[in-house]
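**Student:** Sequence:
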Amino acid sequence: MADRHPPGPLDVVDSSTREILRRLELDVTHRLDGLLHGEHRGLVPGHGSELGETRKYAPGDDVRRIDWNVTARLQQTYIRQTIAERELQTWLLVDRSSRLDFGTVNCEKRDLVLAAAAAVGFLTARDGNQIGAVLTGRGDPELVPARSSRQHLLRILHQIAETPRTDNSGVTNLADGLGRLGSIARRRGLVVVISDFLVDSGWENTLNVVARRHDVVAIQVSDPREFELPNIGVILVRDPATGAEREIATQKASVRKKYSDAATERQHQLAATLRSAKVDHLILSTERQWLDDLVSFVAGRRHRQTGSTGATNHGERR
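Using the working numbering, read the sequence shown as starting at 1 and increasing by one per residue.
Since the hints were derived computationally from the structure, they do not count as laboratory data.
Beta carbons: idealized from backbone N, C-alpha and C, even for Gly.
Among these hints, one or two may not hold up.
[To be verified] Have a look at the derived ranges for each label pair, beta carbon to beta carbon:
hint : residue 1 : residue 2 : range
1    : 278       : 184       : 16 to 24 Å
2    : 287       : 162       : 24 to 32 Å
3    : 200       : 275       : 19 to 27 Å
4    : 201       : 70        : 45 to 53 Å
Make the full structure from the sequences, and use the hints.
**Tutor:** Here it is as C-alpha coordinates:
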(Lines of atoms letter the chains of each structure in order from A; the text may use other names.)
(Lines give C-alpha, C1' and ligand atoms only; values in the text may rest on other atoms or scores of the structure.)
Protein backbone atom coordinates (compact mmCIF):
# COMPACT_ATOMS: atom_id res chain seq x y z
CA MET A 1 0.00 0.00 0.00
CA ALA A 2 1.46 3.33 -0.97
CA ASP A 3 1.55 6.23 1.47
CA ARG A 4 -1.15 8.76 0.80
CA HIS A 5 -0.02 12.32 0.36
CA PRO A 6 -2.12 15.03 2.06
CA PRO A 7 -4.64 16.92 -0.06
CA GLY A 8 -3.90 20.41 -1.26
CA PRO A 9 -4.40 23.66 0.65
CA LEU A 10 -7.51 24.02 2.75
CA ASP A 11 -8.99 26.60 0.40
CA VAL A 12 -10.25 23.61 -1.60
CA VAL A 13 -12.42 22.53 1.36
CA ASP A 14 -16.03 23.41 0.71
CA SER A 15 -17.68 25.89 3.07
CA SER A 16 -20.04 23.35 4.64
CA THR A 17 -17.20 21.02 5.63
CA ARG A 18 -15.14 23.94 6.92
CA GLU A 19 -18.07 25.09 9.08
CA ILE A 20 -18.59 21.58 10.49
CA LEU A 21 -14.92 21.35 11.47
CA ARG A 22 -14.97 24.84 12.98
CA ARG A 23 -17.97 23.99 15.17
CA LEU A 24 -16.40 20.71 16.25
CA GLU A 25 -13.21 22.49 17.26
CA LEU A 26 -15.13 25.05 19.29
CA ASP A 27 -17.22 22.39 21.02
CA VAL A 28 -14.24 20.21 21.85
CA THR A 29 -11.91 22.92 23.09
CA HIS A 30 -14.65 24.59 25.13
CA ARG A 31 -15.63 21.41 26.98
CA LEU A 32 -12.42 19.38 27.14
CA ASP A 33 -9.43 21.68 26.77
CA GLY A 34 -9.04 22.21 30.50
CA LEU A 35 -8.99 18.49 31.18
CA LEU A 36 -6.08 17.63 28.93
CA HIS A 37 -4.02 20.76 28.42
CA GLY A 38 -0.45 20.58 29.72
CA GLU A 39 1.12 17.25 30.60
CA HIS A 40 -0.27 14.23 28.79
CA ARG A 41 -1.28 12.28 31.87
CA GLY A 42 -4.87 12.27 30.71
CA LEU A 43 -3.89 10.46 27.52
CA VAL A 44 -0.78 8.32 27.97
CA PRO A 45 -0.59 6.12 31.09
CA GLY A 46 2.47 5.84 33.28
CA HIS A 47 5.35 8.20 33.72
CA GLY A 48 7.37 10.00 31.10
CA SER A 49 10.96 9.13 30.33
CA GLU A 50 12.57 12.45 31.24
CA LEU A 51 14.00 12.82 34.75
CA GLY A 52 12.56 15.55 36.93
CA GLU A 53 13.25 16.80 40.45
CA THR A 54 13.44 14.74 43.64
CA ARG A 55 11.08 14.83 46.58
CA LYS A 56 10.69 12.98 49.86
CA TYR A 57 9.22 9.50 49.69
CA ALA A 58 5.54 9.26 50.70
CA PRO A 59 3.54 6.11 51.50
CA GLY A 60 2.19 4.67 48.26
CA ASP A 61 5.05 5.89 46.07
CA ASP A 62 6.64 3.40 43.69
CA VAL A 63 9.78 2.10 45.44
CA ARG A 64 11.38 1.59 42.04
CA ARG A 65 11.60 5.38 41.75
CA ILE A 66 13.75 5.83 44.88
CA ASP A 67 16.86 7.85 44.14
CA TRP A 68 19.44 5.96 46.19
CA ASN A 69 22.20 8.52 45.67
CA VAL A 70 20.13 11.38 47.11
CA THR A 71 18.75 9.10 49.82
CA ALA A 72 22.24 8.14 50.98
CA ARG A 73 23.47 11.73 50.93
CA LEU A 74 20.54 13.22 52.87
CA GLN A 75 19.84 10.21 55.10
CA GLN A 76 16.17 10.35 54.14
CA THR A 77 14.30 8.48 51.44
CA TYR A 78 13.79 10.48 48.27
CA ILE A 79 12.22 9.55 44.95
CA ARG A 80 13.07 10.86 41.51
CA GLN A 81 10.03 12.27 39.72
CA THR A 82 9.62 12.00 35.98
CA ILE A 83 7.91 14.42 33.63
CA ALA A 84 5.81 13.68 30.60
CA GLU A 85 7.56 13.58 27.26
CA ARG A 86 7.15 16.88 25.44
CA GLU A 87 6.03 15.43 22.15
CA LEU A 88 3.16 13.01 21.79
CA GLN A 89 2.51 11.00 18.64
CA THR A 90 -1.13 10.08 18.06
CA TRP A 91 -2.45 7.70 15.42
CA LEU A 92 -6.08 7.44 14.34
CA LEU A 93 -7.35 4.19 12.84
CA VAL A 94 -10.62 5.27 11.24
CA ASP A 95 -13.30 3.01 9.79
CA ARG A 96 -14.87 4.64 6.71
CA SER A 97 -17.03 1.74 5.53
CA SER A 98 -20.45 2.53 4.09
CA ARG A 99 -21.90 0.74 7.14
CA LEU A 100 -21.25 4.04 8.92
CA ASP A 101 -23.74 5.83 6.61
CA PHE A 102 -26.54 4.79 8.95
CA GLY A 103 -28.40 6.38 11.83
CA THR A 104 -31.99 6.36 13.10
CA VAL A 105 -32.02 9.03 15.82
CA ASN A 106 -30.03 12.27 16.00
CA CYS A 107 -27.30 11.65 13.44
CA GLU A 108 -25.52 8.98 11.43
CA LYS A 109 -22.63 6.88 12.67
CA ARG A 110 -20.31 8.60 10.20
CA ASP A 111 -21.01 11.87 12.03
CA LEU A 112 -19.85 10.27 15.28
CA VAL A 113 -16.71 8.99 13.56
CA LEU A 114 -15.84 12.52 12.46
CA ALA A 115 -16.65 13.96 15.89
CA ALA A 116 -14.47 11.40 17.66
CA ALA A 117 -11.55 11.94 15.28
CA ALA A 118 -11.87 15.71 15.67
CA ALA A 119 -11.98 15.50 19.46
CA VAL A 120 -8.83 13.37 19.63
CA GLY A 121 -7.09 15.52 17.05
CA PHE A 122 -7.85 18.94 18.51
CA LEU A 123 -6.82 17.78 21.99
CA THR A 124 -3.54 16.16 21.02
CA ALA A 125 -2.22 17.99 17.93
CA ARG A 126 -0.62 20.89 19.76
CA ASP A 127 2.75 22.03 21.09
CA GLY A 128 4.62 20.15 18.39
CA ASN A 129 2.66 16.92 18.86
CA GLN A 130 2.21 14.79 15.77
CA ILE A 131 -0.92 13.12 14.46
CA GLY A 132 -1.31 10.61 11.65
CA ALA A 133 -4.07 8.33 10.42
CA VAL A 134 -4.79 4.98 8.82
CA LEU A 135 -8.13 5.10 6.99
CA THR A 136 -9.85 1.74 6.44
CA GLY A 137 -13.09 0.43 4.98
CA ARG A 138 -12.63 1.63 1.39
CA GLY A 139 -10.33 -0.94 -0.14
CA ASP A 140 -6.74 -1.06 1.05
CA PRO A 141 -5.93 1.03 4.13
CA GLU A 142 -4.77 4.56 3.34
CA LEU A 143 -1.89 6.05 5.31
CA VAL A 144 -1.67 9.72 6.26
CA PRO A 145 1.83 10.21 7.77
CA ALA A 146 2.13 11.76 11.23
CA ARG A 147 2.89 15.48 11.15
CA SER A 148 2.61 18.34 13.59
CA SER A 149 0.45 21.19 12.35
CA ARG A 150 -3.16 22.25 12.65
CA GLN A 151 -3.42 22.37 8.87
CA HIS A 152 -2.34 18.73 8.71
CA LEU A 153 -5.01 17.73 11.25
CA LEU A 154 -7.67 19.60 9.28
CA ARG A 155 -6.64 17.75 6.12
CA ILE A 156 -7.13 14.42 7.91
CA LEU A 157 -10.56 15.49 9.17
CA HIS A 158 -11.48 16.74 5.71
CA GLN A 159 -10.67 13.32 4.23
CA ILE A 160 -12.92 11.68 6.82
CA ALA A 161 -15.75 14.19 6.38
CA GLU A 162 -15.67 13.91 2.58
CA THR A 163 -15.85 10.11 2.49
CA PRO A 164 -18.20 9.39 -0.45
CA ARG A 165 -21.50 7.62 0.08
CA THR A 166 -21.16 4.46 -1.98
CA ASP A 167 -22.76 1.05 -1.58
CA ASN A 168 -20.75 -2.17 -1.50
CA SER A 169 -17.63 -0.45 -0.16
CA GLY A 170 -16.47 -3.74 1.29
CA VAL A 171 -16.11 -5.10 4.80
CA THR A 172 -13.63 -3.27 7.02
CA ASN A 173 -10.47 -5.30 7.64
CA LEU A 174 -9.37 -4.09 11.07
CA ALA A 175 -6.52 -6.61 11.16
CA ASP A 176 -4.94 -5.07 8.04
CA GLY A 177 -5.39 -1.55 9.38
CA LEU A 178 -3.94 -2.42 12.79
CA GLY A 179 -1.07 -4.30 11.19
CA ARG A 180 -0.24 -1.36 8.96
CA LEU A 181 -0.41 1.05 11.87
CA GLY A 182 1.76 -1.16 14.06
CA SER A 183 4.44 -1.35 11.39
CA ILE A 184 4.80 2.43 11.06
CA ALA A 185 4.10 3.65 14.61
CA ARG A 186 7.39 2.58 16.16
CA ARG A 187 7.55 5.11 18.98
CA ARG A 188 5.24 4.65 21.94
CA GLY A 189 2.22 6.91 21.70
CA LEU A 190 -1.55 7.03 21.59
CA VAL A 191 -3.57 4.90 19.16
CA VAL A 192 -7.30 5.55 18.80
CA VAL A 193 -9.41 3.03 16.88
CA ILE A 194 -12.75 4.46 15.69
CA SER A 195 -15.24 1.96 14.28
CA ASP A 196 -18.62 0.36 14.88
CA PHE A 197 -16.68 -2.93 15.27
CA LEU A 198 -19.35 -4.77 13.23
CA VAL A 199 -16.52 -6.54 11.47
CA ASP A 200 -15.27 -10.07 10.99
CA SER A 201 -13.06 -11.55 13.69
CA GLY A 202 -9.32 -11.94 13.19
CA TRP A 203 -8.19 -8.51 14.38
CA GLU A 204 -7.96 -9.36 18.08
CA ASN A 205 -4.39 -10.70 18.07
CA THR A 206 -3.15 -7.73 16.06
CA LEU A 207 -4.79 -5.38 18.55
CA ASN A 208 -2.95 -7.13 21.38
CA VAL A 209 0.36 -6.57 19.59
CA VAL A 210 -0.34 -2.85 19.08
CA ALA A 211 -1.55 -2.44 22.68
CA ARG A 212 1.70 -3.87 24.06
CA ARG A 213 3.59 -0.91 22.59
CA HIS A 214 1.01 1.88 22.64
CA ASP A 215 -1.75 3.29 24.78
CA VAL A 216 -4.88 2.27 22.85
CA VAL A 217 -8.41 3.65 23.04
CA ALA A 218 -11.32 2.04 21.17
CA ILE A 219 -14.19 4.36 20.28
CA GLN A 220 -17.25 2.39 19.21
CA VAL A 221 -19.98 4.23 17.28
CA SER A 222 -23.43 2.67 17.43
CA ASP A 223 -27.13 3.09 16.75
CA PRO A 224 -30.03 1.75 18.87
CA ARG A 225 -31.37 -0.34 15.96
CA GLU A 226 -28.19 -2.42 16.10
CA PHE A 227 -29.28 -3.68 19.52
CA GLU A 228 -33.06 -3.81 19.31
CA LEU A 229 -35.60 -4.06 16.50
CA PRO A 230 -38.91 -2.16 16.51
CA ASN A 231 -42.18 -4.01 15.98
CA ILE A 232 -43.04 -2.69 12.50
CA GLY A 233 -43.84 -5.83 10.53
CA VAL A 234 -41.75 -7.40 7.78
CA ILE A 235 -38.81 -5.22 6.75
CA LEU A 236 -36.08 -5.57 4.17
CA VAL A 237 -32.62 -4.84 5.55
CA ARG A 238 -29.48 -4.43 3.50
CA ASP A 239 -25.83 -4.44 4.47
CA PRO A 240 -24.42 -1.36 2.68
CA ALA A 241 -20.88 -2.77 2.91
CA THR A 242 -21.68 -5.98 0.99
CA GLY A 243 -25.09 -5.38 -0.61
CA ALA A 244 -26.53 -8.49 1.08
CA GLU A 245 -30.29 -8.26 1.74
CA ARG A 246 -32.61 -10.10 4.09
CA GLU A 247 -36.25 -9.89 5.17
CA ILE A 248 -36.93 -9.82 8.92
CA ALA A 249 -40.35 -10.39 10.47
CA THR A 250 -40.10 -7.85 13.28
CA GLN A 251 -43.71 -8.45 14.34
CA LYS A 252 -42.57 -11.74 15.90
CA ALA A 253 -41.47 -11.35 19.51
CA SER A 254 -39.21 -14.39 19.19
CA VAL A 255 -37.35 -12.79 16.26
CA ARG A 256 -36.87 -9.52 18.12
CA LYS A 257 -35.60 -11.37 21.20
CA LYS A 258 -33.19 -13.49 19.19
CA TYR A 259 -31.85 -10.36 17.52
CA SER A 260 -31.45 -8.56 20.85
CA ASP A 261 -29.76 -11.54 22.50
CA ALA A 262 -27.29 -11.90 19.63
CA ALA A 263 -26.46 -8.18 19.77
CA THR A 264 -25.96 -8.31 23.53
CA GLU A 265 -23.66 -11.31 23.24
CA ARG A 266 -21.67 -9.60 20.48
CA GLN A 267 -21.29 -6.51 22.65
CA HIS A 268 -20.15 -8.54 25.66
CA GLN A 269 -17.55 -10.31 23.53
CA LEU A 270 -16.23 -7.01 22.19
CA ALA A 271 -15.99 -5.51 25.68
CA ALA A 272 -14.18 -8.62 26.93
CA THR A 273 -11.72 -8.54 24.01
CA LEU A 274 -10.85 -4.90 24.64
CA ARG A 275 -10.61 -5.41 28.38
CA SER A 276 -8.27 -8.36 27.89
CA ALA A 277 -5.99 -6.20 25.72
CA LYS A 278 -6.11 -3.42 28.35
CA VAL A 279 -7.77 -1.10 25.84
CA ASP A 280 -10.06 1.66 27.11
CA HIS A 281 -13.51 1.46 25.53
CA LEU A 282 -15.80 4.39 24.80
CA ILE A 283 -19.22 3.95 23.21
CA LEU A 284 -20.83 6.82 21.30
CA SER A 285 -24.44 6.43 20.20
CA THR A 286 -26.60 8.30 17.72
CA GLU A 287 -29.26 8.56 20.45
CA ARG A 288 -27.05 10.37 22.99
CA GLN A 289 -25.01 13.56 23.15
CA TRP A 290 -21.57 12.37 22.09
CA LEU A 291 -19.76 15.26 23.75
CA ASP A 292 -21.26 14.46 27.16
CA ASP A 293 -20.11 10.85 26.85
CA LEU A 294 -16.66 11.97 25.73
CA VAL A 295 -16.27 14.42 28.64
CA SER A 296 -17.24 11.71 31.12
CA PHE A 297 -14.82 9.24 29.53
CA VAL A 298 -11.85 11.62 29.47
CA ALA A 299 -12.46 12.78 33.04
CA GLY A 300 -12.67 9.20 34.27
CA ARG A 301 -9.61 8.15 32.33
CA ARG A 302 -7.59 11.05 33.69
CA HIS A 303 -8.79 10.28 37.21
CA ARG A 304 -7.63 6.67 36.95
CA GLN A 305 -4.26 7.51 35.42
CA THR A 306 -3.36 9.96 38.18
CA GLY A 307 -3.46 7.14 40.69
CA SER A 308 -7.05 6.94 41.88
CA THR A 309 -8.81 3.62 42.19
CA GLY A 310 -12.21 2.48 41.05
CA ALA A 311 -12.26 2.66 37.28
CA THR A 312 -15.54 3.37 35.56
CA ASN A 313 -16.64 0.82 33.01
CA HIS A 314 -17.37 2.63 29.75
CA GLY A 315 -17.46 -0.61 27.79
CA GLU A 316 -21.07 -1.57 28.37
CA ARG A 317 -23.98 -0.06 26.49
CA ARG A 318 -26.10 2.09 28.75
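**Student:** The structure should be examined with respect to each hint, and the outcome stated for every one.
**Tutor:** Evaluated hints:
no., hint, verdict
1, 278 <-> 184: 16 to 24 Å, "22 Å, holds"
2, 287 <-> 162: 24 to 32 Å, "26 Å, holds"
3, 200 <-> 275: 19 to 27 Å, "20 Å, holds"
4, 201 <-> 70: 45 to 53 Å, "52 Å, holds"
The structure fails none of the hints (numbered hints given earlier).
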